[in-house]
Amino acid sequence: MKHTPVTDYIPDVIERKWQERWAEARVFEADADPARPKYYVLEMLPYPSGTLHMGHMRNYTIGDVVARYKRMRGFNVLHPMGWDAFGLPAENAAIKHGIEPRTWTLNNIAEFKRVLTRFGFSYDWRREISTCEPEYYRWNQWFFLRMFERNLAYRKRSRVNWCPKCETVLANEQVVEGACWRHEDTPVEQKELEQWFLRITAYAEELLRDIAQLRQGWPERVLVMQENWIGKSRGVRVRFPLMGREEVIEVFTTRIDTIYGASAVLLAPEHPLVPRLLAGSPQRQALEEQVQAMRRHAVREADLATAEKQGILLDCQVRNPFSGDALPVWVANFVLLEYGTGAVMCVPAHDQRDFEFATKYRLPVRVVVRPPQGETLEADSLRAAMVDYGILVNSGPYSGLRSEVAIEQMSRDAEQKGIGRSEVIYRLRDWGISRQRYWGTPIPVVHCEHCGIVPVPDEELPVLLPARVTLTGRGQSPLALVPEFVQARCYRCGGTARRETDTMDTFVDSSWYFYRYTDPQNHTAPFSRELVRYWFPIDQYIGGITHAILHLLYSRFFCKVMRDIGLVDHDEPIQRLFTQGMVLKGGVAMSKSRGNVVGAAEMAEKYGADTGRLYTLFAAPPEKDLEWSEQSIEGCARFLQRLFRLVARHAGRLDRVSAVGRAREVAALNEKERLLLRRAHQTLRRVTQDFERRWHFNTSVAALMELTNTLQGQEPLEQGVQPAVLKEVFELLLQMLAPMAPHIAEELWEMLGHKELLANHPWPEYHPKLAEEERLEIVVQVNGKLRGRVMVESGLSESELRERALADPRIAQLVAGKTLQKAIIIPDKLVNLVVS
RNA sequence: GCGGAAGUGGCGGAACUGGCAGACGCGCAGGACUUAGGAUCCUGUGGCCGCAAGGCCGUGGGGGUUCAACUCCCCCCUUCCGCACCA
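In terms of this note's numbering, the first sequence is numbered consecutively and its last residue is 836.
Read the hints as simulated data drawn from the structure, not as lab findings.
Mixed in with the good hints, there may be bad ones.
Claimed, not checked - In the EDC-like style, the derived pairs of lysine to aspartate or glutamate whose C-alpha atoms are separated by at most 20 Å in a straight line are: (1) LYS822 x GLU803; (2) LYS38 x GLU692; (3) LYS360 x ASP380; (4) LYS156 x GLU192.
Using the sequences plus the hints, can you model the full thing?
Here it is in structure tokens:
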């Protein structure tokens, strides 16, 4: 045991010590202060279940690094944390283990908080919120009532997605590839139910338009996904009158320019007109059975795209309002009821699906658009539909027009003749928020025998979720089995009423929580407008790509509603969004069900928080997925170990010395001192750039390792380095390390004689003079190939550089006897001699 | 099928504006210290040839632009993610 340092690096002791100091000094508590620039940095709040794993920690580490950096940069930093505490797992745990959802949740929260604290994240814990507390969810109810007043919350009977495992309804956004987002292997079923909806479609256009405001600060990927999800289409709703009947089939099309090529009209199997059309038919019974069968089959949404086209020919006809042709009517399995009008015109020559359908059922294929470059198209030779725009042919008065022009003109004519109407439609559906489950926010209405649906008045809020409810996990809300809850008085007439027993989708909770952080104790309003005006918008939001649509679209919607209510005065709540990569183990995301989680608590115990934090930063740039490696983390542990010993070894003779600072003349320093200061400032430039520009913390950590290596390589540092210089270099190193590994940085900072917390210290200033290299290595190429290097002093002219390169014996030899054609010279970098 | 991102040593990754490919770390090899070490320290580490000096090859594949290409352009391949009969 040679030269064991007096002090050794014991993360556990150091980390707890500084966590206490920070708490005592209330360093991370921030209050609104109009005199100071604010910075609101936020990580997506966790659902407190299972274990807190390194996937979570990566998210919070990135946020914490940014928060601490911005604080050192002088910002008034709001950095809160809370709990997305309502949700199904609590209820399932309750059924499985016989424990109250509330108890289960609170236990998990306590554990999560313990671990987060153990990692030393700089949260303002005074602002902690938990969505399952009445003081929080009463505002969910309050928002619901405001939306109800504005007809933005409504009830309707409709076909909804039903997950048989969750035993509840799912929003469209929660259906992934035809399955439940929580149960990938469970196909979603369709059910007819009375449900509460939020009218997000009222904001479809604005949600789409304001994406432009987000272009600067959000990942393109997320914006594209949201655009596609909203799915705007311009088109025409065209009326095809039924022959010999009063009714009309309305069809939606974006390609009215192809209408002369229509061979049929196709209806969705669930189209309301279908039973009526069948009513008079002699083959009614047989056809009805076929349609029924098709409807049942359509449930398997996942393989819908690849399923074979199926059609049922009805015995009625419609007239093409443009061409006057009589067209057959079919029921087709690929027509979606929910989109457009639930009916389409079938144009085989210019739509691939229609082409396949027509091929199978031998419908005529009529070419009505030809490519602009001369060629004609023969229907017989078509192998696939010609879907591009072109020049119209065989289209009556419109023949010869370009598609773009024809669409304009035909839309106008359709409106004038009363056979159609221009329309914009969206793929976006209203947000179904009813859940037939217990552990969520009760929807604040009663059903009165006389008055119908009656909202709960504001002063009666919150509608409390009753405790000790029998949980069945069966397909109706457990609240329906609690008589004291269900039995109510009508708030309007005083008569008998039944309280609504569905609860809200938990995505309601997380759609506005970040506003509550600004004013978490407010008893009279969801938040103060003044405080929100100061803190908003969120400067930086950080979370997983998983929420690209769900949470982030709902949040934008809520913001716009709040603005229209007059609560906030901005259009978008989140200025910048960062989507960090996942932490993988064995190539897949960590999850309890896969059994591949690396627990954060164990990591802290084994290596310490600083090492855990540093590794998640070092292993990959933050936007990329990261494969967890137990081996690689050792490298970070070793680095901190080395750094600790290095600084601790010298701290004793540095604690009373002042750092040299900027005052000292560079010329008065010796070579070794200049080297150390130069490397320190070069590192500072790199690290600062990483923070300001691209958040590649992996290279920041690498830079700090290099600086440490340089220092070690210059040992013994007692010789030839004045204490003031060494102290300056150490201090720079610790200041840069502080956002990433804050505990060890504080400890060493203190060892260097500082009484003030490093967390409050300003970010150091970069001095270009000190970073400048005195001598440079110039690369010499001959015909583009690396042939040598010469050391030169910086700032040499081009001709001088060429001379130096040619003076190198090896280069001279290579060039000898050849003609120098050209010399490309990049000052301070490279000389390329082109010879032949 | 459409949209997006990406492909660099044994591995994670670096190379910022076209200018030394492989920083930093892991792993591996050799050595030092040691009763011992899986602790620590030092050295080496893309491939091939060579005792060495040095040379040739090398960033998914093929072509191109350029004095110079991981980086720019064209074609192709592969992987991941998102959407998926949206009329």
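Going down the list of hints, with the structure as the test:
Proposed proximity of LYS822 and GLU803 is supported: the alpha carbons are some 13 Å apart, at most 20 Å. Between the alpha carbons of LYS38 and GLU692 the distance comes to roughly 16 Å, so the proposed pair stays at or under 20 Å and holds. Note on LYS360 and ASP380: the hinted pairing holds, with a Cα-Cα distance of about 15 Å set against a maximum of 20 Å. Distance hint between LYS156 and GLU192 is fulfilled; the C-alpha atoms sit about 10 Å from each other, no more than 20 Å.
Consistency with the previously given hints is maintained throughout, with no hint failing.
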